[in-house]
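Using the sequences and the hints given, assemble the complete structure.
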Amino acid sequence: MSLLKDLPELVSANIITNDTAQQITEFYKRKHETSPNRQLLIFGILGTILVGTGVMFIVANQWDQFPQFTKTTCAFLLLIIPQLFCAYVMLKKIGKAVWREVAALLLFFVVGANLSLVSQIYHINGDASTFLMAWMTLTVPLIYLLDASVLSLAYLFMSMIYGLTAMNNGAFPNEEYLFWIFFMLPLPHYLQLFRKAPASILLILHHWMVPYILTQTLIILTHRAHMLMYPAYIFMFAIFYFIGKRPIFKNRPLIQNGYLIFGFAGTIISLLVMSFKANWKDLAKDVYQISNIMTTPEFAGCFILFVLATILLYNQNHGKNWAKWKLIDVTYILFLILFILGAQVTTLSVILINLLVIIFGLMLLKEGAKHTHLGIINLGMLIFALLAICRSFDSDLTFVVKGILFVLVGIGFFATNWLMIKKRNENEA
Amino acid sequence: MKHKTLLLIAFIVVALAQLFVPYQMISKQAGYAATGSEFKFKTENRVNPNFNGIGSDLSGKFIWLKFKEDHIKIADKNEWENTRNAYVEFTTDSAGFAKILSVAFIKPNSNNWVRARVNVDWKDSTRLDISYPFNQYYIQDTQNKKVESVIKNGLCDTLKVNFLTIKIKENQFVSVDLMIDGVPFKEMIREVGKSN
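Each protein sequence line maps, in turn, to chains W and L.
Quick note: the first sequence, position 225, residue 225 per the working numbering, numbers continuous.
If you want the working numbering, it's the 1-based position in the second sequence plus 429.
Please keep in mind that the hints were generated in silico from the structure rather than gathered at the bench.
Among the hints, a few may not be true.
Claimed, not checked - So these bits of chain W aren't anywhere near chain L, every CB distance computed over 12 Å:
1. 91
2. 94
3. 146
4. 194
5. 203
6. 310
7. 394
8. 410
Claimed, not checked - Here are the computed lysine-lysine pairs in the PhoX-like style, where the Cα-Cα straight-line distance is at most 20 Å:
9. W/96 <-> L/490
10. W/366 <-> W/324
11. L/433 <-> W/93
12. W/71 <-> L/433
Here a beta-carbon is modelled for each residue, glycine too, at the ideal position from N, C-alpha and C.
And the structure:
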């Protein structure tokens, strides 16, 4: 802790008193004691995974020569030993986070290993999604019984794999909707973690995992009206953005705020995708007649996401002066209007979307200039660069126009950075 | 303390469930072996000039079997284009060999079905190719040398009647024997081994 090292110097320079120095030392000592041992946790988990993999390799090496009974016994011992370990942890080490996390994660993996070993030994036929479903159902209680956050992360990730497997290769029709149930099962633990340990690294990982998984799996809503997934995604990214702006994330470093980053980057990327005219052509199909889309799951998803985003927008901005609203707050509404418009006049919508991206870039430049923030300015320039790259794929622009676009963006990068650094130096001088 | 006991009881219930599910899988499988209907699937492996005459028929511990009944004619390819898995129901033909009764999206009423991977043939769009989950015949990898000659001279011989006997019940199956010209594969391996 560099502050602790500097304390004697600060005291001798009469900046703080001896008492204050003492209090600061005490504060960090207490903080260190209460925070769980992060290193031990990380290495404990890595160790668990490595040992598990190692045992499997050793067993697999001689596997075929064993009789069926021996193989079955091995498969069950592999399960029973970690179960006993979990019971021991529950009895003796329940207060130790590292023990709980490692025991729960170990049992999670061996339950999956046991199921697949038994299927392999007895040549049991089945779908991958059914296997994942059995695995996840058998392990979800461990999250709560052992209060295990690493398991909750692993479980969320597995629910995504389940959802995508069920969508591509489900055992029965519409199996992929079960994903939402599996996804929601660990969420109470996530909310609990919010209250209990708001600064814990495991909570921060959850802040990244949840938007990541939803971004990957929203696609499972797709059935017939796949074009409706574009607004659905934009609405979801708006929701992420609003969550990232909640007071709970205030004064936290950006790296801890997965929602805000996913929300912002997702919105820009979705707009860039829709800035290609080719991505609009399916909208002319019969499925997208208003009477036909009303009954599609995509429409239901869009509707729910839109309502949620609007509630969050109201919560964030009610009583706020219109002038203080940001463009990204209402992007999802603007996109909806452009999307409906696009069904009639696609070209106009595409032009307006390109314009919207440009305005986004300009707003960021303006904000960056106001706060003399190089990061924000370069983000704005990056958006221009991405737009220029996207347009370079359009065949109806000549090479000269494409070239000029790139040159302009390049000059922009140099000019804004140079101006900013100059301005900053002037301010400091 | 009471809270801890409750948690422990809950954990024991979960642990027992974790043990019960694989146990049930095994006992069910044993049931299928006893009560499943037996079918004989004619194989259609052919000599391949590559890899010592066996092509890709042998991979690790499995022989890839090609079956005679591995496709059906379809009228409308659009109906099948986005389908990956379907229910295939079987019956027996006059010679006693397995025959496809139907390929459907919904579960058949009888017990004689498996879920199989289907795809429209890339050369012939009126043909739906079916890939069965039992197309891998498991062998002990230590016997590979003998297996190669049995595949080349037995399994791929068009003049011999080769078939896989399998018991099927509701998507579960147990391979009973691979018969090569009336001789079980396992016996054949042993004979070839002796003569070497």
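- prompt: Checking the smallest CB distance to chain L, is residue 410 of chain W really beyond 12 Å?
  reply: 45 Å, holds
task: Would you assess whether residue 146 of chain W, listed as outside the interface, keeps its beta-carbon beyond 12 Å of every beta-carbon in chain L?
output: 8 Å, violated
query: Holds or violated: residue 366 of chain W with residue 324 of chain W, Cα cutoff 20 Å?
result: Roughly 14 Å between the alpha carbons, so the hint for residue 366 of chain W and residue 324 of chain W holds.
message: A cut-off of 12 Å on Cβ-Cβ distance, and residue 91 of chain W was said to be off the interface with chain L. Does that hold?
response: 7 Å, violated
- prompt: Are residue 433 of chain L and residue 93 of chain W close enough, with their CA atoms no more than 20 Å apart?
  reply: 12 Å, holds
- prompt: residue 71 of chain W and residue 433 of chain L: Cα distance at most 20 Å?
  reply: Status violated; Cα separation ~35 Å.
query: Going by Cβ atoms, does residue 94 of chain W stay more than 12 Å from chain L at every point?
result: 7 Å, violated
message: Just want to verify: residue 394 of chain W was marked as not at the interface with chain L; is every Cβ pair farther apart than 12 Å?
response: 31 Å, holds
query: Straight-line Cα separation of residue 96 of chain W and residue 490 of chain L no greater than 20 Å?
result: The given pair, whose Cα atoms are some 45 Å apart, is violated under the 20 Å limit.
query: Can we confirm that no CB of chain L comes within 12 Å of the CB of residue 194 of chain W?
result: Given that every Cβ of chain L is farther than 12 Å from that of residue 194 of chain W, nearest at about 22 Å, it holds.
- prompt: Is the nearest CB of chain L more than 12 Å from the CB of residue 310 of chain W?
  reply: 34 Å, holds
Non-interface label on residue 203 of chain W, tested against every C-beta of chain L at 12 Å: 23 Å, holds
This entry does not satisfy hints 1, 2, 3, 9 and 12, going by the numbered hints stated previously.
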